[in-house]
Amino acid sequence: MSKTLVIITGPHAVGKMTVGQELAKITDLRLFHNHMSIELSLKLFEFGTPGFRALNETIRKTVFEQFATGDLPGLIFTYMMDFDDPAEFSYLHELTELFSSHGAKCHVVELCADFDVRLARNKSENRLANKESKRNIEWSEREMRKTAAMHRLNSRKDESLPFESYIKIDNTNLAPDEVASMIKERLGIA
1 MSKTLVIITG
11 PHAVGKMTVG
21 QELAKITDLR
31 LFHNHMSIEL
41 SLKLFEFGTP
51 GFRALNETIR
61 KTVFEQFATG
71 DLPGLIFTYM
81 MDFDDPAEFS
91 YLHELTELFS
101 SHGAKCHVVE
111 LCADFDVRLA
121 RNKSENRLAN
131 KESKRNIEWS
141 EREMRKTAAM
151 HRLNSRKDES
161 LPFESYIKID
171 NTNLAPDEVA
181 SMIKERLGIA
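Every letter in the sequence shown is one number past the one before it in the working numbering, and letter 90, counting from 1, is 90.
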């Protein structure tokens, strides 16, 4: 059986989790969205503290190792990255190396959407149901604006990225199921 890792990246509320949910429906892949580990870690530790970071990293590492070495067909992982931070690329490289060393095909999908569309998506029922920490909309919108001002959360047009299999999709005007179908077709995922 061939394994697959799909990393979906992009800024806050771009639709990473929702697209991942739709992709999981039309493939044999399981979804591990980034807030699955974040929300559990927040129940025990303040965000950013050593305890939070250690627990969050341990959960993710365990999930990645189990999927890379186990019998399941593959994983969809969502991740927001700063495209100006070399450590982010190192993290994704280590993750894809773990999977590819066990025969997996690894893909990176970058989503982008207009900021006003993302502000509306930030209030979606699905997002709020799956991400308890985002339910304070006022705080969440402030965080979106602050992070967007401090970090580059999407690649530049025609930027060369160090991913073997990579696509970028502007999903401003696309439904999540359409985007999932595009990903499946373009990347040849079973």
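There may be inaccurate statements among the hints.
[What the hints assert, rightly or not] 30 Å max Cα-Cα, derived DSSO-like pairs, lysine-lysine:
| # | residue 1 | residue 2 |
| --- | --- | --- |
| 1 | K131 | K105 |
| 2 | K25 | K105 |
| 3 | K43 | K105 |
| 4 | K146 | K105 |
| 5 | K184 | K168 |
| 6 | K25 | K43 |
| 7 | K168 | K43 |
| 8 | K25 | K146 |
| 9 | K146 | K168 |
| 10 | K168 | K61 |
| 11 | K146 | K184 |
It is worth saying that the hints were derived from the structure and are not from the lab.
Hints, one by one, checked against the model:
Restraint check for K131 and K105: satisfied, since their Cα atoms lie roughly 29 Å apart, inside the 30 Å limit. Straight-line distance between C-alpha atoms of K25 and K105 comes to about 19 Å, which keeps the hinted pair within the 30 Å bound. Of the supplied pair hints, the one linking K43 and K105 is violated, its CA atoms being roughly 34 Å apart against a limit of 30 Å. Distance restraint check for K146 and K105: the Cα-Cα separation of roughly 35 Å exceeds the 30 Å cut-off, and the hinted pair is therefore not satisfied.
The suggested pairing of K184 with K168 holds, with an alpha-carbon distance near 13 Å, which does not exceed 30 Å. With a C-alpha separation of about 29 Å, the suggested pairing of K25 with K43 holds against the 30 Å cut-off. A threshold of 30 Å between alpha carbons decides the hint, and for K168 with K43 the separation of about 34 Å lies outside it, so the pair is violated. At most 30 Å may separate the alpha-carbon atoms for a hinted pair to count; K25 and K146 exceed this at roughly 33 Å.
The hinted pair formed by K146 and K168 meets the criterion: a straight-line CA distance of about 24 Å does not exceed 30 Å. The straight-line distance between the Cα atoms of K168 and K61 is roughly 26 Å, inside the 30 Å bound, and the hint therefore holds. A hinted pair counts as satisfied when its Cα atoms are at most 30 Å apart, and K146 with K184 does not qualify at roughly 33 Å.
The earlier numbered hints that this structure contradicts are 3, 4, 7, 8 and 11.
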